[in-house]
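For reference, the chains in residue letters:
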Amino acid sequence: MSAPRELNKLDDLLDSRLMAKLDSVDVISRKIFSGKMQGERRSRRRGQSVEFADFRPYVHGDDLRFVDWNIFGRLDRLFLKMFLEEEDLSLIIAIDSSASMRVGNPDTFDYARRVAMALAYVGLVNQHRVSLVSFAGDTVERASNLRGRRKAAEVAQWLLRRKPEGGSGFEQAMRLVGTSRQGRGVMVVLSDFLFPEGFEKGLAMVAGRGFDLFAMQILAPQVVDPSREGGITGDLLLVDSETGTETEVTVTPELLKIYKSRLDRLCGALRAYCARRDIVHMVVETSTPVETLMLEYLRRRGLLR
Amino acid sequence: MTAPTLIAVTWVTPVAGAILGASILAPLVALWFLKLRRRKRVVSSTLLWTRSLADLRANTPFQRIRFSWLLILQILAVLAIAFALAQPEAEGLGSTGGRHVLMIDRSASMNALETVDADGKPLDPPQTRLALAKTAAKARVRELLGGGWFSKGASDVMIVSFGLRAEIKAPFTDSIGALETAIDGIAPTDEVTKLAEALELARAFTSNLNLNDARGEENLAAAGPLPTLELYSDGRIADLGTFALREGEGIVYHKVGATSSNTAIASMSADRPPDSPDKIQVFASLLNPEPIEKRVTLQLAVNGTVRVVTPDPIVIPAAKVADGEYVAGRSQAVFRPIEQASNAAIEVAIVEDDALRDDDAAIAVVPPARDLSVLLVGDGGFLLRTLLSGLPAERFGTMTLGEYDALVEAGGAIGWDVVVFDAVAPKKLPGGLYLFFGAAPPIEGITAFGTHQGVYPRVVRDEHPLFRSASLDELSVSKMTAVQPDKRFQVVAESPEGPMVLTLDRNDMHLVYVTFDPLDSNWPFQRSFVNFVANAIEHLGRAGDSVIGRSLAPGEAISMRFPQGSSDGEIRLPDGSTQKVAIDADGNASWGPVGLAGLYRLSAKVPGADEREERLVAANIADPLEARLDPRDSLDLGTKTVQGVSVGASGRGALWPWILGLGLLIVVLEWWYYQRQVRL
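Just so you know, the protein sequences line up as chains A and B, in that order.
Numbering follows my numbering, with no gaps: position 59 of the first sequence is 59.
Numbering follows my numbering, with no gaps: position 153 of the second sequence is 1153.
Each hint should be verified, as a subset may be incorrect.
[To be verified] Computed from the model, here is a short list of chain B residues facing chain A with C-beta under 8 Å:
{"#": "1", "residue": "1041"}
{"#": "2", "residue": "1042"}
{"#": "3", "residue": "1044"}
{"#": "4", "residue": "1047"}
{"#": "5", "residue": "1048"}
{"#": "6", "residue": "1049"}
{"#": "7", "residue": "1052"}
{"#": "8", "residue": "1055"}
{"#": "9", "residue": "1056"}
{"#": "10", "residue": "1272"}
{"#": "11", "residue": "1579"}
{"#": "12", "residue": "1580"}
[Unchecked claim] Pairs of lysine-lysine residues, derived as DSS-like cross-links and limited to a Cα-Cα distance of at most 25 Å, are as follows:
{"#": "13", "chain 1": "A", "residue 1": "9", "chain 2": "A", "residue 2": "21"}
{"#": "14", "chain 1": "B", "residue 1": "1487", "chain 2": "B", "residue 2": "1428"}
{"#": "15", "chain 1": "A", "residue 1": "257", "chain 2": "B", "residue 2": "1580"}
{"#": "16", "chain 1": "B", "residue 1": "1121", "chain 2": "B", "residue 2": "1138"}
{"#": "17", "chain 1": "B", "residue 1": "1040", "chain 2": "A", "residue 2": "260"}
{"#": "18", "chain 1": "A", "residue 1": "21", "chain 2": "A", "residue 2": "151"}
{"#": "19", "chain 1": "A", "residue 1": "163", "chain 2": "B", "residue 2": "1487"}
{"#": "20", "chain 1": "B", "residue 1": "1479", "chain 2": "B", "residue 2": "1427"}
{"#": "21", "chain 1": "B", "residue 1": "1580", "chain 2": "B", "residue 2": "1169"}
[What the hints assert, rightly or not] Anything over 12 Å on all C-beta distances counts as not near chain B; from chain A, calculated:
{"#": "22", "residue": "9"}
{"#": "23", "residue": "24"}
{"#": "24", "residue": "26"}
{"#": "25", "residue": "54"}
{"#": "26", "residue": "67"}
{"#": "27", "residue": "148"}
{"#": "28", "residue": "226"}
{"#": "29", "residue": "237"}
{"#": "30", "residue": "251"}
{"#": "31", "residue": "255"}
{"#": "32", "residue": "273"}
{"#": "33", "residue": "292"}
These are calculated hints, taken from the structure and not from any lab test.
C-beta atoms are modelled at their ideal positions from N, C-alpha and C, and glycine is treated no differently.
Work out the full structure, taking the sequences as your base and the hints as a guide.
Pasting the structure below:
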């Protein structure tokens, strides 16, 4: 088993080949959000784009430039022509930086950072407002309102500075995001969702608050199946990376069977919870190449196009 | 405040305890090491693991026990150690703890010569079964008391040898020397095998039950566990099935012997034909206990000189099992009458050799050809005097009761073969041959308590020699003495009111008692009366021969009566050795019990005679079961069947060391399996 390679620069997070492929990809939102500034994304608001939206009767004070004179000629009544406003999209990427992410081969946290970088890049090149949130324990760090391709390096630097340590702090981070007034949008949470306190309260902070929410559960292969090479075998003293709790385990086929059953139940519970709250749940193994994830899997799941 | 009392602790089996302790400590330490060897491993979260373990630990036992080889091995290991702690001991192999009674069979069949041992190795020279049993018993004594890791120093051993009778050769002791000496002292005999007495003897010495104590049962319980009985025998036991083991009583059967080659003379008779008293007619019954036909040659010797050898072999059919019953093959041999007027020891022997020589010969002592002398004691009854005087007798005499009593009182020799009492009873009755009419004989075992009137016979044993041509069908008795005999008497004719004719056969006395006076009946008018009296005299006369020279069974004692004043008694045994025999003032001489079959010559100096008077006694193996040599594989003792273990077969009685070893082996196996399983 080779040691994971340290991520040091943008190219480590997102190589130029993938970057080129991602240029043609955009983030899809199942919902239409109001943006803050004019952008390339259809907005709920009526505005000045070229795309027709509706008619409405003229009222005093309306801009006469939008009166449909053809209708006035036919009906002798003034109707105002309405167009869709095109605004920018807010893409929030929340990354779990707790110690529990520093496991597996490939490393779960590194994988999450690569995915975050790729998603952020897609958002930046499509002129969306990209915000990054890192949560671990009591610490929530943010990089907000980044826009434009040139911000990619800034995003990369921000991600490279993140270190996985401490507890999860998921609920606190989600509360912060959910209550902020930085605009609604697409939110992707990258985590293993193995929170001792549970994921329900944290997700409840952002679910139903206008976010188009994607819960991407990133798991190392050794977590999915501990009997794999380099996984959990034999007579072990397991140490919880977040809490430091020690658990004596004698791995038997019977115990592995129960473990997998437990993991299935946890994933199933998360999936069911997300389905009830219109959250898209995805399970991604870190053995899946980021390119495959971005260009195939996330397209199929409707996050990218 | 008093100082605490120190309690002295005695470690009975310190080594065994250390082994046990180590056997439990070793797996514990091994498990502890296993615990220390857990590798640390940082995982993202132990959340799933703790929940999985909780599932495995808490939920599983309440749902169903899942099959696991580890669990099975651990259960087996625990069971094995638990069994070992219980210190089981195999009955078949014998235990090593507690007290032991070694019961060694010294019957005739134990004299069979064995040419191979239990493992099939040849024995050179061949040894008797008794010798093998003694060797095995001595080895067992050393095993029980000789120390060693698994022996218990607290074992006490008792030695009992048994044949017809049982004898304690050594009481409970832990002295190996005393026990070996006792075992060496067991002499071979030709007795039959009876185990019941040996068992009773062993029980008497092994329970502290005091029957006079009201708390006897408690005492029995306090006596502790019953000792282990260890039987060294070939299993051919005559009284098997007549006794059963008691609750908690254990027996180990050490099977001795392997051979079955044998033929035997089951019985023989030597009589003088009535028409030619100078000759002796000899019959012999031959027995083949083996399931193959045998051919044997017989020889007949008179006083040690071979007179006849059968020209052709006599065929003895094979033994067979018919309707589940074993039936030995039998054949008869009849020799032509041989001329021999004087007394003689007639020996019939099988010429061919086999494993057991002692039953290949039988001896009968035949008295010289002579008529009997008959004495009538009474008040001059005409009827009997006339009748007896007409019988063919060497001499006939009469005597009044007073004269007879005076003669007996003076201790003088009676000098008559048969004495007939005509409705009178003497004051004292020495050993001899007697015919009583009417009055009850003054001997122990019979009590007269009045008379019966008008009786007639109801049950008559017509096959008895007394009633040969002497039917009692027409008999009617007006008055009869009422008597109550004990078991020693044999009632051969009885009326509804009580016995009419009784016989008694004792070593020194043979007696026929007619409980009524013939004059009080219609018998004198019948021919059967004459025949009865003649039969009775002849019957008693034959018994007289046997008193003098009858055949004994080994185990019985020789009892002889020499004339009063005889002295310097001596007996010559079949092996030629001689021993002194005490003779009391009345001339009674006793010796015994007779151990080996053969001819015994008892002699004494008789007053008024220059030469010593000699009486011959033959001892023959009486039980055909002794001829059957193939040892029993198991013994049925009541509800329990004990499997035999061949002597010399290797194996130690205590099983727990082996079970403990097995337990440790399972622990090792379990550890190996565990290691193999965790290396996925």
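Verification of the hints:
1. Taking 8 Å as the C-beta cut-off, the interface hint given for residue 1041 of chain B holds, the closest approach to chain A being about 5 Å.
2. The closest approach between the C-beta of residue 1042 of chain B and any C-beta of chain A is roughly 5 Å, which is under the 8 Å cut-off, so the hint is satisfied.
3. For residue 1044 of chain B, the interface hint holds, the least distance from its beta-carbon to any beta-carbon of chain A being 4 Å, beneath 8 Å.
4. Interface hint at residue 1047 of chain B: satisfied, since its Cβ lies 6 Å from the closest Cβ of chain A, which is below the 8 Å cut-off.
5. Annotation: interface hint on residue 1048 of chain B holds; nearest CB of chain A at approximately 5 Å, less than 8 Å.
6. With its C-beta approaching chain A no nearer than about 5 Å, residue 1049 of chain B sits inside the 8 Å limit, and its interface hint holds.
7. A cut of 8 Å between beta carbons decides the hint on residue 1052 of chain B: the least distance to chain A is about 4 Å, and the hint holds.
8. Because the beta carbon of residue 1055 of chain B sits about 5 Å from the nearest beta carbon in chain A, less than 8 Å, this interface hint is met.
9. Contact between residue 1056 of chain B and chain A, as hinted, is supported at the beta carbon level, the nearest pair being about 6 Å apart and thus within 8 Å.
10. Contact between residue 1272 of chain B and chain A, as hinted, is not supported at the beta carbon level, the nearest pair being about 96 Å apart and thus beyond 8 Å.
11. A hinted interface residue such as residue 1579 of chain B counts as satisfied when its beta carbon comes closer than 8 Å to some beta carbon of chain A; here the least separation is about 83 Å, so the hint is violated.
12. With a least beta-carbon distance of about 87 Å to chain A, the hint placing residue 1580 of chain B at the interface is violated under the 8 Å criterion.
13. Of the supplied pair hints, the one linking residue 9 of chain A and residue 21 of chain A holds, its CA atoms being roughly 19 Å apart against a limit of 25 Å.
14. Under the criterion of a C-alpha separation no larger than 25 Å, the hint pairing residue 1487 of chain B with residue 1428 of chain B is consistent with the structure, at around 21 Å.
15. For the suggested pair residue 257 of chain A and residue 1580 of chain B, the alpha carbons sit about 95 Å apart, so the restraint of at most 25 Å is broken.
16. Distance hint between residue 1121 of chain B and residue 1138 of chain B is fulfilled; the C-alpha atoms sit about 20 Å from each other, no more than 25 Å.
17. Straight-line distance between C-alpha atoms of residue 1040 of chain B and residue 260 of chain A comes to about 21 Å, which keeps the hinted pair within the 25 Å bound.
18. At most 25 Å may separate the alpha-carbon atoms for a hinted pair to count; residue 21 of chain A and residue 151 of chain A meet this at roughly 18 Å.
19. Only pairs whose Cα atoms come within 25 Å are accepted, and residue 163 of chain A paired with residue 1487 of chain B is rejected, the gap being roughly 114 Å.
20. Between residue 1479 of chain B and residue 1427 of chain B, the direct Cα distance comes to roughly 23 Å. Compliance with the 25 Å bound is thereby established for this hinted pair.
21. With a CA separation close to 24 Å, the supplied pair residue 1580 of chain B and residue 1169 of chain B stays within the 25 Å bound.
22. Chain B leaves residue 9 of chain A outside its interface by the beta-carbon criterion, the shortest separation being 26 Å against a cut-off of 12 Å.
23. Even its closest Cβ contact with chain B, about 35 Å, leaves residue 24 of chain A beyond 12 Å, as expected for a residue assigned away from the interface.
24. Residue placement check: residue 26 of chain A keeps its beta carbon more than 12 Å from all beta carbons of chain B (closest about 33 Å).
25. The Cβ of residue 54 of chain A sits about 52 Å from the closest Cβ of chain B, beyond the 12 Å cut-off, so the non-interface label holds.
26. Residue-level check passed: residue 67 of chain A sits 63 Å from the nearest beta carbon of chain B, beyond 12 Å.
27. With a minimum CB-CB distance of about 36 Å to chain B, residue 148 of chain A clears the 12 Å threshold, and the non-interface call stands.
28. Listed as a non-interface residue, residue 226 of chain A fails to keep its Cβ farther than 12 Å from every Cβ of chain B; the least gap is roughly 9 Å.
29. Distance check on residue 237 of chain A: its Cβ comes as close as 4 Å (rounded) to a Cβ of chain B, failing to clear the 12 Å threshold; non-interface status is violated.
30. Not every C-beta of chain B lies more than 12 Å from that of residue 251 of chain A, the closest at about 6 Å, which undercuts listing it as non-interface.
31. A cut-off of 12 Å between C-beta atoms contradicts the statement that residue 255 of chain A is not in contact with chain B; the least separation is 6 Å.
32. With 12 Å as the threshold on Cβ separation, the claim that residue 273 of chain A sits away from chain B holds: the shortest Cβ distance comes to roughly 16 Å.
33. Every beta carbon of chain B lies more than 12 Å from that of residue 292 of chain A, the smallest distance being close to 23 Å; the non-interface claim holds.
When held up to the earlier numbered hints, the structure conflicts with 10, 11, 12, 15, 19, 28, 29, 30, 31 and fits the remainder.
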